Amino acid sequence: MSIRHGLLALLERGQMYGYQLRAAFEESTGSTWPLNIGQVYTTLSRLERDGLVRSLPESEAGQRPYEITDTGRADLALWFATPISRTDRPRDELAIKLALALTTPGVDVRTVVQTQRSATMRALQELTRLKYASDRPEDLPWRLVLDAMVFQAEAEVRWLDHCEASLVRFRPARPGRVPTTPAEAVDRTDEEARR
Amino acid sequence: MTTGDGATGASPTTPVLDVRDVHRTHGTGAAAVHALRGVSLAVRAGELVAVMGPSGSGKSTLLALAGGLDGPTAGEVYVEGEPLGALDRRRLAQVRRRRIGYVFQDLNLLGSLSAVENVALPLELDGTGVRRARRLALDALAEVGLPELGDRFPDQLSGGQQQRVAIARALVGERRLVLADEPTGALDSQTGEAVLHLLRRRVDAGAAAVLVTHEARHAAWADRVVFLRDGVLVDTTAPLGSVEQLLSGSGR
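Residue numbers (this note's numbering), protein chains in the order written: chain A, 1 to 195; chain B, 1001 to 1252.
No lab work stands behind these hints, which were simulated from the structure alone. Given the structure is predicted, the values throughout are model-derived calculations rather than measurements. Just so you know, not all the hints are guaranteed correct.
[To be verified] Anything over 12 Å on all C-beta distances counts as not near chain A; from chain B, calculated: (1) Val1033; (2) Ala1050; (3) Thr1073; (4) Arg1096; (5) Arg1131; (6) Asp1139; (7) Pro1154; (8) Glu1215; (9) Ala1219; (10) Arg1229; (11) Ala1238.
[What the hints assert, rightly or not] Covered stretches of chain A, going by a simulated chain B footprint (3 or more residues, C-beta under 8 Å): (12) 69–75; (13) 119–128.
[Claimed, not checked] Away from chain B, derived, C-beta distances all over 12 Å, residues of chain A: (14) Glu93; (15) Leu98; (16) Thr111; (17) Gln114; (18) Thr115; (19) Lys131; (20) Pro141; (21) Asp147; (22) Phe151; (23) Ala153; (24) Ala165.
Cβ atoms here follow ideal geometry from the backbone N, Cα and C, with glycine treated the same way.
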């Protein structure tokens, strides 16, 4: 998601100035996505340049409110109507890290899995505690944001469980023990047969 | 390990559940299966501990030992300072009925008894008068949000309602230790969450609880999550900060 569409959605409620937008944005994401005021103004000026919002005359207190334009409304409607593509999301560093751990000598993959699971589990505990603390009806939007993070963390733990189960069956070829010549392989077979 | 009479050992700082270096082996010789190999776990009042781990890691065995339903091959389990291994059968049964509440995946509600009778049963078995047991059972049903349904029979209740009755039965009276093995079983996610909410509330009110689960989302209700693998505790999550710290962003 972009901050752009977040701000457009907020302006659809009515005109607002920068600080109000920042407060409303943080409220609707439960402070999980902090914005600085500079980001808000940069985004507003781009939206204005593209004709999606329009700035109104400054108030006596020196605050300049913004309102959404019809073009902005159309853009917002399109955003709500379009599913978010999975390819828009960043690559999964954890998956790549584990894949590399598996093929890098000297790395104990089980420990990598366990360390990550413990950390993800702790994050999940924190999210759950925040959910438990916000059970008023007006907390619903924020709770749903928390739920999204809960489900993502949960999926990660499940995937780590899956990795661990797969590792039990995984026996990497140990360089020192793999026969490199047919003769060596025969020797080894003889040796094993003698035991 | 089993020295002292234990009964006078309970103080505010004594863990409600103290599992010390327990081993549990099934079978002998080459066929021996080591379900637990030296596990220690202390749970204090106001603390909910979740136990996670793959199938066969020893989770349910640990819970059975904690509840006195099974005995360790070595090591000792203390409930409120009392070593379960030193108790005779009558006394052990009394500790199980009075101090420990169990919630299992299989509800074990008796179909021929109404909800309130199911909840009152452990109290009556323990010698509480019928009237008083019924009153306490109704309180427990109200606590789990079923104040109106006490006279229904299990087959007249939904799965979620039956599980709430099972939880009321685990919480009724003065139980200080609640042991739950996959208590959300086949419940949908909303109902499952309500069950954990109840467990959490009871713990916040001063009980100690152990929750065995393979669902990370459920384990996340705990203050501490421990991981079992092949009968050994392999990890524990770090302690959590306060909600205020989490909201200020220092927690994440």
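Checked hints:
With 12 Å as the threshold on Cβ separation, the claim that valine 1033 (chain B) sits away from chain A holds: the shortest Cβ distance comes to roughly 17 Å. Listed as a non-interface residue, alanine 1050 (chain B) fails to keep its Cβ farther than 12 Å from every Cβ of chain A; the least gap is roughly 9 Å. In this structure threonine 1073 (chain B) is separated from chain A by more than 12 Å, as the shortest Cβ-Cβ distance comes to about 25 Å. Against chain A, the non-interface label of arginine 1096 (chain B) holds: every CB pair exceeds 12 Å, the least being about 30 Å.
Residue placement check: arginine 1131 (chain B) keeps its beta carbon more than 12 Å from all beta carbons of chain A (closest about 35 Å). For aspartate 1139 (chain B), the shortest C-beta to C-beta distance to chain A comes to about 23 Å, beyond the 12 Å cut-off, and the non-interface label holds. Every CB of chain A is more than 12 Å from the CB of proline 1154 (chain B) (nearest about 29 Å), matching its label as outside the interface. Distance to chain A contradicts glutamate 1215 (chain B) as a non-interface residue, since its nearest Cβ pair spans about 8 Å, not more than 12 Å.
Against the 12 Å criterion, alanine 1219 (chain B) falls within the reach of chain A, whose nearest CB is about 7 Å from its own CB. Distance check for arginine 1229 (chain B) against chain A: the nearest CB is about 8 Å away, which does not clear 12 Å, and the non-interface claim fails. With a least beta-carbon separation of about 6 Å from chain A, alanine 1238 (chain B) fails to lie farther than 12 Å from that chain, contradicting its non-interface assignment. Only residues whose beta carbon comes within less than 8 Å of a beta carbon in chain B count, and the region 69–75 of chain A has 0; fewer than three means the coverage is violated.
Taking a C-beta to C-beta cut-off of 8 Å, the region 119–128 of chain A contributes 9 residues in contact with chain B, enough for the three needed, and the coverage statement holds. Every CB of chain B is more than 12 Å from the CB of glutamate 93 (chain A) (nearest about 17 Å), matching its label as outside the interface. With a least beta-carbon separation of about 17 Å from chain B, leucine 98 (chain A) lies farther than 12 Å from that chain, consistent with its non-interface assignment. A Cβ of chain B approaches the Cβ of threonine 111 (chain A) within 12 Å, the least distance being about 10 Å, so the stated non-interface status is violated.
Against the 12 Å criterion, glutamine 114 (chain A) falls within the reach of chain B, whose nearest CB is about 5 Å from its own CB. A cut-off of 12 Å between C-beta atoms contradicts the statement that threonine 115 (chain A) is not in contact with chain B; the least separation is 8 Å. A beta-carbon of chain B is positioned within 12 Å of the beta-carbon of lysine 131 (chain A); the least distance is around 9 Å. Residue-level check passed: proline 141 (chain A) sits 16 Å from the nearest beta carbon of chain B, beyond 12 Å.
Distance check for aspartate 147 (chain A) against chain B: the nearest CB is about 10 Å away, which does not clear 12 Å, and the non-interface claim fails. The beta carbon of phenylalanine 151 (chain A) is not kept farther than 12 Å from every beta carbon of chain B, the shortest such distance being approximately 8 Å. Here alanine 153 (chain A) does not stay apart from chain B, with its beta-carbon only about 7 Å from theirs, under the 12 Å limit. Not every C-beta of chain B lies more than 12 Å from that of alanine 165 (chain A), the closest at about 6 Å, which undercuts listing it as non-interface.
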